[in-house]
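Colleague: Heads up, the sequence shown stops at 198 in my numbering, and the numbers go up one at a time, no gaps.
In case anyone wonders, no lab produced these hints; they're calculated from the structure.
One should not assume that every hint holds.
[As the list claims (entries may be wrong)] Derived pair list, reagent style DSS-like, types lysine-lysine, alpha-carbon separation capped at 25 angstroms: (1) Lys75 x Lys86; (2) Lys25 x Lys47; (3) Lys86 x Lys47; (4) Lys99 x Lys53; (5) Lys86 x Lys53; (6) Lys99 x Lys86.
[As the list claims (entries may be wrong)] Computed spacing ranges between beta-carbons, pair by pair: (7) Phe183 x Glu95: 40 to 48 angstroms; (8) Arg163 x Arg118: 46 to 54 angstroms; (9) Ala102 x Asp42: 44 to 52 angstroms; (10) Ser67 x Arg97: 29 to 37 angstroms; (11) Gln157 x Pro80: 32 to 40 angstroms; (12) Ser128 x Gln171: 28 to 36 angstroms; (13) Leu176 x Tyr46: 50 to 58 angstroms; (14) Glu191 x Arg79: 26 to 34 angstroms; (15) Trp40 x Pro167: 54 to 62 angstroms; (16) Gly70 x Pro44: 36 to 44 angstroms; (17) Asn173 x Gly70: 44 to 52 angstroms.
Glycine is no exception: its CB is placed at the ideal position from the N, C-alpha and C atoms.
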Amino acid sequence: MKFGVRRNVTQSAAELTREQQPYCKLGLADACDRMTLRVWSDHPSYKTCSGLKPEDFIEITGEFFQSQYGMDARKWTVRPLTDQEKNELLQGPAELRAKQSADFDFVRKTVNEIHDPRLRILGDAFLSEFGDRFRRTAAARNYHHARRGGLVEHTAQMMRTARAIAPLYPQLNVDLLMAGILFHDCGKLWENALPENG
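With the hints as extra help, turn the sequences into a complete structure.
Modeller: Right, dumping it as structure tokens:
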């Protein structure tokens with residue numbers, strides 16, 4: 001069965017097989033998932049795919065299957081996305097957008113509920129300055145929440161968990177706990193941030 005997948009190119013690397021035959025290794029991502037596609041040198045789209053850059057957006061239409069090397073496709077073609085298709089891809093599915101928006105609202109509300117003014121002001125300043133970047137950053141590259149906006153999901157999940165178990169540990173400073181959760185992965189904003197338009 002043939003179908004199309006729309007993805008952002010995250011990697012286009014020239015590689016060699018064990019027999020020293022060239023192929024192109026494409027890293028592809030959307031708002032929910034990542035995949036790798038190997039484009040063999042005898043494929044009609046090899047030259048096109050070898051010229052792709054990380055800021056490119058494409059649709060691959062073909063018969064997809066799981067091989068020993070990961071996701072693969074037969075009888076496939078590739079084309080660039082239109083600007084409208086690119087914007088739709090970057091926004092992600094409606095359910096994911098709604099979840100991430102609710103998660104960001106929860107994080108902001110949790111920061112606003114911090115009683116210690118020093119921690120609350122610090123958290124608010126962080127969200128004011130880096131909120132947009134925070135909303136498009138992946139929490140990881142390969143594991144949990146490894147997608148655009150995954151850091152917001154991960155942070156909100158940790159805050160909810162901490163809020164639920166904190167009453168069992170009355171000696172904890174909940175303000176410090178929530179601020180620590182907010183900042184614990186802030187380095188991801190530079191390590192895993194995805195550009196606004198890519």
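Colleague: Confirm or reject each hint.
Modeller: Each hint tested on the structure:
Taken as a hint, the lysine 75 and lysine 86 pair is honoured in the structure, with Cα atoms around 24 angstroms apart against an allowance of 25 angstroms. For a cut-off of 25 angstroms, the pair hint linking lysine 25 to lysine 47 stands: about 12 angstroms separates their Cα positions. For the hint pairing lysine 86 with lysine 47, the CA-to-CA distance comes to about 22 angstroms; that is within 25 angstroms, so the pair holds. Taking the CA atoms of lysine 99 and lysine 53, the gap is about 30 angstroms. The hint is violated against a cut of 25 angstroms.
In summary, the hint linking lysine 86 to lysine 53 is supported, as the alpha carbons are separated by about 15 angstroms, within the 25 angstroms threshold. Between lysine 99 and lysine 86, the direct Cα distance comes to roughly 21 angstroms. Compliance with the 25 angstroms bound is thereby established for this hinted pair. Remark: the range hint 40 to 48 angstroms for phenylalanine 183 to glutamate 95 is contradicted by a beta-carbon distance near 28 angstroms. Range check, arginine 163 to arginine 118: Cβ separation about 20 angstroms, and the 46 to 54 angstroms hint is violated.
One distance hint, 44 to 52 angstroms for the beta-carbon pair alanine 102 and aspartate 42, holds here, with the actual separation near 48 angstroms. Taking 29 to 37 angstroms as the suggested C-beta distance range, the pair serine 67 and arginine 97 conforms, at roughly 32 angstroms. Roughly 36 angstroms separates the CB atoms of glutamine 157 and proline 80, a value that falls within the hinted 32 to 40 angstroms. Remark: the range hint 28 to 36 angstroms for serine 128 to glutamine 171 is upheld by a beta-carbon distance near 32 angstroms.
One distance hint, 50 to 58 angstroms for the beta-carbon pair leucine 176 and tyrosine 46, holds here, with the actual separation near 55 angstroms. Between glutamate 191 and arginine 79 the beta carbon distance is about 32 angstroms. The supplied range of 26 to 34 angstroms therefore holds. The supplied range of 54 to 62 angstroms is met by tryptophan 40 and proline 167, whose beta-carbon atoms lie about 58 angstroms from each other. Range check, glycine 70 to proline 44: about 21 angstroms between beta-carbon atoms, so the 36 to 44 angstroms window is missed.
Between asparagine 173 and glycine 70 the Cβ separation comes to about 45 angstroms, which falls inside the hinted range of 44 to 52 angstroms.
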